[in-house]
Every structure is written in structure tokens, then in C-alpha cells.
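> Here the protein sequences line up with chains U and E, keeping their order. First residue of the first sequence: 1, per this note's numbering; consecutive thereafter. First residue of the second sequence: 1, per this note's numbering; consecutive thereafter.
These are calculated hints, taken from the structure and not from any lab test. Treat the hints with care, since some could be wrong.
[Said to hold, decoys possible] Covered stretches of chain E (chain U as the covering partner; in silico rule of three or more C-beta atoms under 8 Å from a C-beta of chain U):
no., stretch
1, 21-29
2, 50-59
3, 209-217
4, 575-586
Since the model is a prediction, treat every value here as computed from it, not as a measurement. Ideal Cβ positions, reconstructed from N, Cα and C, are used throughout, including at glycine.
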Amino acid sequence: MSRVTKKASSVCTDSPLSMSEVCQKMTLMRQILTSCFGPNGRLKQVHNNVGGHVLTTSTSTSLLQAVSSSEPLLKLITASILNHLSRFSDCGLYTGILCFSLIDHVQKSGLRPSVAIKINKQLLEVCTSFLNQEDCGCKVNVDFNSCQSLVTLARSVISSKPACVLTEGEQQHISTLAVHAFLLTVPCGDTPGSPDRVRLGKTVTVSIEGQFVLDSAVFPGLLVNVPDMQLHPTDSERTRRGPGPFRLALFTVSLSGDLSEFGEGSLEVHSGAPDPEDLILDELLKLGEQAVTDQVEVFMCQRVIHPVLQHYLRRHGVLVVERLGIALIEPIVQMTGAQAVALYQTPIPPEAYGQVKGCCVRTVGSREMLHLLPPREPAPAVCTMVLCHRNDTMLNELKAVCQRAEHVLRLTLRDPVALLGGGCTETHMAAYISNKGTTEAAKAALSLGVSQSQYLLGLNGFCSSLEAVALALVHDGETGLVDLSYAHHWSVPQGEAIHSGTVPQGEAIHSGTVPQGEAIHSGTVLQGEAIHSGTVLQGEAIHSGTVAQGEAIHSGTVAQGEAIHSGTVAQGEAIHSGTVAQGEAIHSGTVPQGEAIHSGTVAQGEAIHSGTVPQGEAVQRGDGDEVPATCGCGLVERSARPGLEWTPLNTRYPSRSAPLVVGKDTPPQLRVLDSFTAKLNALQVAVEMANLVLDIRYVIQDVN
Amino acid sequence: MGMRLQPRCLQLDSVLQTVSVLEAVIRRSFGPDGGQVLFTRDTGQTLLTRHGTRILTALRVEHPLARMVVECVRRHSSVTGDGSKTFVLLLASLLREIQKHTRKARQEGAGAKRLAEALLAFGLDELSDVITVAVAPHGSSLSDPHTPGQTDTHTLCRLLSAFLHTRISPTHAEIISQLTCELLSHWSCHGDFINEHFPALHTAVSGFPIGCSRLLEGQVIHADFSTPLPLRDHRPIRALAVTEPLEPSLLIDGTVLELGGANREIESVCVRLGRRLDSVCVILQHLGVSLLLSSVRQSEAFLAAVGRYGVCVLECVCEDDLTLFSVLKDRGRPHSLVVCGLTEGQTEQSVCAVRDALHMLHTTWGPKHRTRATERTARTDVMEPCVISVGGTFEFLLHHTLLQRKHGQTHSVTHSHTHTLSHTDMHTLSHTDTHTLSHTDMHTLSHIDTHTPSHTDTHTQSNADTHTLSHLDNPAVSGMLAEALLSVPRQIYSHNPRHYLEAHAHTLSCMRNHGNSTDLPEISAVLAADGSNMVQADTGSGSGSGSGVKEVTVWSSSGSSSGVESVSCKYQLILAVLQCLRSLLSVDTVLHANTSHTLSHACQREEEEGD
């Protein structure tokens, strides 16, 4: 009798995004993801409450699989990121950071979710069509005539996983190996039988602990793990014998001679009848005989081979390998052209034999392995990658990373383009959208059925979220800058920027007296300052203040009320940054600002008293030596383009011109490239997921 | 065993309170501004929904009355596939009306029950005719006006799109409804066929944005290749479906193989086994089969053997796929739907929505596609498959007609409009001119109707007395129903009350114009969600065009053409609500039995009593 248990009622949460507990958890998750992002990302150690294995990683797949949240909203986001990763293997952290950032910005802007969703969706369409444009400024073609861009692409994947603990030289070595392996698995010419489709080969990874990373290597063909005792002296002799090709037979059925294969029933043996096991052994030996007469030289079996049969074959000079395991069967079939035989009762059909060009014993680390060489020269695309690293944890990470790199490289076969890395795609795209959205705001707002001020608020949130991803690459106290011509991302090391600042604060205030635009400009300067002084919260407040303010100016008097409404405190801070200009705004708006002004006073005082010149201002003059020689991706070189101006990331200009596209006639060495396909999907997943989360009004949790 | 009973008398207030709790939950995802509900299963699965029934069942409510309501909603939505959220709204607002009325009349308990019975009687006897006369002419037919018998594709798409907008996020409803329309058009007039084979006709893929969803030509078999082989040429492929292992195990459980004697040795058995496999392969080759669809797992030896003969094998193909595959062979080119989503929860939501949409279409098509058995309960046979614009048009029209009727029955045309508090100023309709017309119509109709035999089995025993009741309380009853109906559009425009008034006024003016004009324009009360680009629907009052149905295309804020909803679904919904209401109010006491064994029985008994 089944136990009758009472089902408990579900636990319900109304508008989960307004719950502080949920928000805290989301912020925590966002911080975790952000701090892992990029080549300078911080590692995370994950261990569960019952002890056991400690996982050290910064990759999204391992991290998200290991960290499970009880919060349904987070579960949903995690699941969607993992689903994306299972398809594209890249840009998991990117998806997460963008998604959380979008949600955050919408919440701060005070837009109604349904309005924000519409705007985000429209902007996503602008983004995807921009990225799909032929002349898109953040796209480069992958040139298959040289492996340079492929290696860059692989290195970007590998270098962004700091848990592998690789030096620069090691990164280069592994990237080259990854590209080598990838190229080996692309078949030359048409696949026989189906001229219109290409079947990619396989890379089998063998990992060896305790060796130097630089010992890692790629071999064409397969390395088969053979226990020492199996490599009989005769076998070693065989492996040394002259060039092949050798004939190979492959079995998937067990050749152990057990009777268990017959099923569940019972056997009844009459007295005097021969022992069935003997009969089966006879059968097996007959098979061996056929193999010898058919001049098979390599005899392999997925499972166990009867010792008598093994002995018989060896005596006739056949190389015998048993217990291959199921994982190796498909690569062997693919490489040798053999057909796996699943029945020993009938003779081996002649077309089931495959070929290898030769075999030899290779010592890889502490292990001796049998190396099967591919039979023909246009190799049928199977290779082995031997990865070495000092310890188990790093090795596992390295293995996962190489698999991702392979996947990313394979994606280029479908879309032979890549995106600029190092945050440049995000800043460039943000500048493009910001410009396009601002100029076409009226039209877009009308078609979406939202007011123009709402549209601009949404637009600013979206662009800030994109820039937040670029900003997440910065971990060591550097300052993220964006240049005003090409809108690429530059990061300035800590400390230097402050030294160069010489212009007094007075000037910033001065600039505030002239037109509206300038006032906002000084607001952005202050923000750079705030971020630098490390008050993250304040920086954020000011930043959202500038957004609201910019918005108010753009949309004119009607929008003013709305802007004030959407961020009262933030507004107050914005007011202080540009005193004169803001006064104007206050006059035009009818809502009293007393409270906002009060709350803003402290922040303002601090900014002015600190007296240090915001490095944003200094940097903008374009003479700072502290700006690195190239931008994040390496496409824009400072020396080649004099007169560049910079501004700290995540600041708003009243009117920013469309970013220029860097001419690609003499492309400099690109440092970082990202997968186009993966990032395009990641962008869509992030925006859709943010929209989905914003749309959730109610959570019902079954607690049974 | 000592069973302690805790009788608790059910007041109308407590019933209303219970239903209001459910209503509060449902409201979150109702209407154009409604959002998603995220729910987790006891398995830990995270799913999304905007489907009323799913939300209510996920709550796992304990209160017996609430459970009864949930059960009623579930039953209704399993029949029509539509209207589960409106069900709860309508039920709650009817209860409020009854409460108002009983307070006024200073009657308790019995009064409420009597009213509920009168409402049900009214719904069963007269509502259908009221709708046919007053609402249906304002809608448009689902059949193509030019070629009768064919479904009008454009209207169909609007119907689907409106339905899906209530079920999935508006940004995704567009693409899914477009695909569903295409799917339906590819399977021209086989709506039922798609409905039946939907499990095999769709594929859910997670990890891609929903925009990647598409329609694929052909059938998708949901299984992986066990032995993949490249197709050598472009000849048509011959496929064979098998449901049994082709190489039976040598020794099945319980059998005994005797060894010894001539031809009884294991050797020969093995050889025979090998030969048998070969002969199967030869037969396959002879038949020219190059694809084998197997519903069960085949042995490794078999896979290897057929692999040598160039036959691809798919194992563990699910039953639905095989059924469709075998039905398809004599049909045209099949198409199947690929639904993408970020997570399983999202794809499942879309798939559910499409499935219910097909179900809803099935209900809308109504009599033509319906078997005789179900006609008895819901008298849709009198209605054509008719659709009407979304946004409360149906409710406004019915509301108004019922009010007219109320006045007609009491013969008090000058009666003050206490019931239309919120829109007295918009009430520009003159009652005198329409009244004469509708009153006579209704009167004759209701007269005929009251003499028809009972329509539902649940209603049989109480028919005689409610029959008389309905005549007594008719004005009050139609007034209550009319008021209650308004709760639906009120909720639709809840974020902007101004739009509610505009929509109401608009519908009324359309209705008045309709009385003057000869052709039947379609009335639309759809307003843009924010009103910034509100487009007034062309009522066709001045420029009456020649065509029977004037297409009114209103571009709503999301850029889609205005949706329509099925009148017969609405009718069935009201009936179901009225039935649920009656059962709710006929329960007077909940007995909490304090033993674990009788707990479930007690609940059941209550529900039975309720029904």
C-alpha cells in the first residue's frame, strides 16, 4: 500500500525582483561572474558542505554547474547560460554579466517592465543587424590562408581561463597545438560518398599529469593506452617492422568465450556432449585462424579477448590489443576504415578490415602508448592531443579549455568571421547604438508605443550594460577608457592616471557654466573620479544620475517630470556636478528638488575638495603617456592615430557621433578575437533572459 | 476510532475571500500587461507559464473550496483549451455581485444559492440566444467569405495571435503565432490532424533564442542514429518501421536449451544465429530499405550486420513518431515545428501554448468538427464559428445587451443607471430606439427557449424549480451578469483606466451605428497598450463598404494586427463559470475530519456534494 502523504501548499513570492533578498542573491551572482571575467579574472574555489573535491576554476561551465542556487530566478538564468554553453562553448560569463546588468539598469531606471522589454527587444534587433552588416566595425574576416587569426582566436579562449595557470609562452604553445589539432581534423577534399557535406574528424585528448605544459603535443593518428603487460616482446618487434600499410581487425563483441552472452535462459548439457565452453573456444580459434590467413596484423577488441586466442595470435606475429573501451571505437573506425565486428560466430567479412600505415610505441610522460598511424596521406582526420600539466586541477581545466577552443575554431568554418575582443566590440557597439538610437529615437519610440523619454532611458540602460561587460574585464584597479573616435576599449593601469592629472578642478566647474552639454561632460569627469576613489556605490549613483539627466535634456520639458520621477536621488547628484546647467533643468521642471539637493551635498563636497583632477579630463587631451599603445583588441594603435581623445567608460555624452570604422587596409597584429557565432547567440540569450526575468511577476515554489 | 468533526459554516464572504485569493494570483499574468509566473516542480524543474490552470494547480491549494474551483477551471480548460484566467476573474466578480445583491435584499445563504441557480438557468436557457442575436452579428465569421467552407487564413492568424499573446511573452507570441499559422496552412484544413499528432509534429530545442524557431519541411524523428551512414545518392529513401527486435535473444528467460546429440551443439546454434541475421539483412536489401526505424533497442550484432549492408538505424523511436510516420505515407508534404528557447521551461511554455491554441481552434470550429455527444452540454450548435475583436468587445456588447434586456423585462426604460457608475457620462446611447427592437426579439426568443427540454445532465433535477425562478429573477440576474462581465475589460485596461472608458464608449458607439447601417461592420475595442498611437477602429458607419465583413486592422503597440477571440469559447466559459458558481454556493459546510485516512475521502465527498 502506498503511503498517503499530504501535499504541502506551494510557497509564493509576489514580484520577486522587488524583494531585497532576491536582489541580494542576484547581485552576489553578478559579482561572482564579473570577477571571473577575462584574462585577469579571479579564480573561485568551490567545495561542498560534506567535504571532498575542491574545484578551482573561473570558467562559467564548471562554476555554474558547481554553484546551484535555491532561488528560482537564478536557477532559470543559470540554466539558460548552461544551455547556451552546451551549444557554443563560449561566452558564458559574458551572457551572465550582460543579463544581470540589463536587469539592474531597468530596475534603476524605473521603467515599467513591459516597456523596458519592448525597448530591449528592439535594441537587440538593432545590435544583431549591426553585427550582421558587411561593413560592421567590430568584425574581422578569418583568413584561412594563414593560421594567424585562428591562433589569435584560440589564444583568446585559452588566455581568458586563468585557472589553467599558463605563462604567455605556454599559452602560445597550447593555442598553436589547438589550431594544429583543429586543422588535422578538417578533411582535405571531399568526403567519399557525399560530395556536398564534410564530416569533421575527431580529436582524442590524452591528459598526463606531472609534466611540463610545453611537453604537450599533437599527433596525427591515435594513441592507444596499452597496459605494460600487453606489449609483449613480439609486439614491440612487430611495431618496429617495416612500413605498412597493415591490415586491422576490430571487434566490439567480447571474445572472452563466456556463455553469458546468450541471454537469460538456462543451458542443459547432456552427459557425454562436449563442453559448450570448449566449443566456443574452438569457434574463437577458428576466427583467429581466419585472421592469420587473411594477414591481419593488428587485432583489436573493445572488450576482453580469451587468453588462448591472444596467445595464438601473438605466436603468429599479430599485434593484439584488448579492452579498448567504447570511446576509442569510433575514432578507430573513422581512421582505419574498419567496420566493427559484433559477431564471432560467422567468418569476418573481408570488407570489415581496416588499415593502418604503421604503429610504434611512444613514451608519453610516464606512460607507454601504442601509436597507430593513419593509413593514407590525406589523413581521415583523426588526431590525438596530449596535454600535460603540473597537477590534476589545472590539467582538468586545460582539457576543458582545449575542447572549448576546438569548438570555437569549428564555429569559424560555418561563419568565417570573428569579433574584436578585449571589450572593443562592446564599446564600439554601444557607441553605435547610442548614436543610432538617439537620432532615431522619435521614430523608434512611436513604433514601439512608448514615449520618447522612456525610449532614451531604455537606450541608455542598454548601452551602459554593454559597456559594463567591457568594464568587467578590468580587475586590477585599472581604469577603463573609451576613445571618442573609434569607440574602442582601452585600459589604463592603476596609479599612473592620477599622477598625470594636473588640471585643477576649477576648470571642470568652469566648463559647467557654458552649455548644457558641457555640464554633463563635467558630470562624467566626476564619475571617473568617484570610481577611482573606490566608492562603487557612489559612482553608480552618479552614473545613473547622469543617465537620467541626459535623458531629461534630450526629451525636453515633457520628459523632465519623468526623469525626476525615475531617479530622484540620482538626479540630485547630477545637479551638483554641473551647477549652472542643472539649475536650468530645475527651473524647467516643476517638481521640487529640495530633498535631492540635500542628499547630494556630501557627494559634491567630496568631489570638489578632493581637488585631484579627474583623470578623465586629463586623458581627454590626448597627451597622456599612461594610455597603452593599443586598444584592448589591438586594432587601434595610439602612435598611428594622433589626436585621439578618451573618456572613462560608462559615461554619457549628449550627442556622440557614430564611431568610425578602422580601415583594414594595413591591419596591425590583433591581440584578442572572440567567436562571432558564440557572441551573437550570447547577446541574444542575455537580452532575452533579462526580458524574461523582468517579465516574471510571481514565483510559485513547490516545496514537496 | 474517534473522528472529531469541526463543522464550519460557509458564509458567502468566506467563499468570496477564497476565490479572491486565487484571483489575486491570476491577475499577475492576465491581460496585455500581464507577466510570467515562474514555478518550480517538486522535481526541482523550473518552468514558466502564463496559463491559468497551470498557475492554479502549481499553487497546490489546501482549502477545499479553492480546490474545487481549481478543479472546475482545469475541467473547463481541458475542454476548450482557453479562458482559464478569465474564469477566475468572472467567478470572483459574480460572487461580488451576488454579495451586493443579497446585502441589498437582506437575505443570506439561501438567497445566494437561489441566485446562483437562477444565473445558471439563465445561462443554459437564454444566454446562447442572447449572444446569437446581440453579439455574433458584430463579429466576423471564421469561414472565408468568398469560398464558403474554407477557413479564412487572415482571421485565423489573428485568432491564434491573440490567443498566444495571452499565453507567452508578447515579444515571442508574434513569431510563434506566425509559425503556427504557417503550420496550419501547410496542413490545409487538417486542423484536427495536427491536433491529434502534435506531439510528433514539434521539436523543442533549448539553448537558442526563440527567434531561431522555424518550420521544417518533413517529419522530425526524435531519435539519434545508432548506425549513421552517409547517403550515397539522392534517390528516394525507403524506410521500414519495426516494433520488435529483429535478432531475438538466443535464450529467453525461462527457456532451456538442450545440448547434446546430433545438430544440437552450441556450434550449430551459433551458426544458425549468424545465418538468420544474414537472411534478415538480405531481405532488407531485397526490399531496398536503407533506413530502419525501430521502436525498440536492437542488438549490437544486428546493428553491425545491417551497417555492412548500408542501412541506417534509428533505435527507440517514440510511439508518436512512428504513428505519424505510418499515417503520413499517403499524405502530401509534411511540415513540423521546431520551437527554440533559452531553457526547457521556455520551450515547454511555447509548446503548451501552441497545443492549447490548436485545442482552442478545435473548439472554435465547433459543430462541424464536433461529435454529437458533446453538443448536449454546450449548445454551440446554434452558433456559427464566429470571432470577435479582443479587448473586451465581447464583454461590452454582452453587458449592454443584458442591461437592455433587464430594462425590457421590467419595462422601465427610464430607470436610472445606478449600475453604470463608472461610465454614466459616456452613456450616450439612447435606449428608446434600440429598446423596441431588441425587446421584441428577445421576448419571442426566450419564449421559445423556455419550453425546450433540459440541456445538461447536472441540471435535470433542478430544472423545474429554477425554471420558474429564472422568470422571477431574470432582470436581477441579467443585471448581475452584465456587471460581472465588465470586470474582464476592467482588468485588461487596469494600467490605464482612461482606455477602459474609451474602449467602452467606442464599442457602444459602434453598436449604435450598427443599428442604423445595413451591413455588419466588425467592432473593435482594441486600443494600444499605452495609447500613444491609438488607432480608432473604422466602424464603417459613414463609409459602409460593399463587402459583408469589413476588415478593421488596428495596429497595436506591439506592431501586430488586432487579434480576435472566439465567441463560442466565451460562451462556454460563461456557462462553465455559472456552473462552478452554483456548485460553490450549494456547499454550506466544510467538515474537517481529523484522521489521515478519511482526509482524502472527505475532500472527495465535499466535491461530489458540490457537483
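> Each of the hints needs a verdict: does it hold here or not?
Hint check:
Coverage of the stretch 21-29 of chain E by chain U holds. Counting CB-CB distances below 8 Å, 3 residues qualify, and the rule asks for three or more. Chain U is given as covering the stretch 50-59 of chain E, and this holds because 3 residues of the stretch bring a CB closer than 8 Å to a CB of that chain, at least three being needed. Counting residues of the stretch 209-217 of chain E whose beta-carbon sits less than 8 Å from any beta-carbon of chain U gives 3, enough to reach three: the coverage restraint holds. With 0 residues bearing a CB less than 8 Å from a CB of chain U, the stretch 575-586 of chain E misses the requirement of three and the coverage assertion fails.
Checked against the numbered hints listed earlier, the structure breaks hint 4 alone; every other hint is satisfied.
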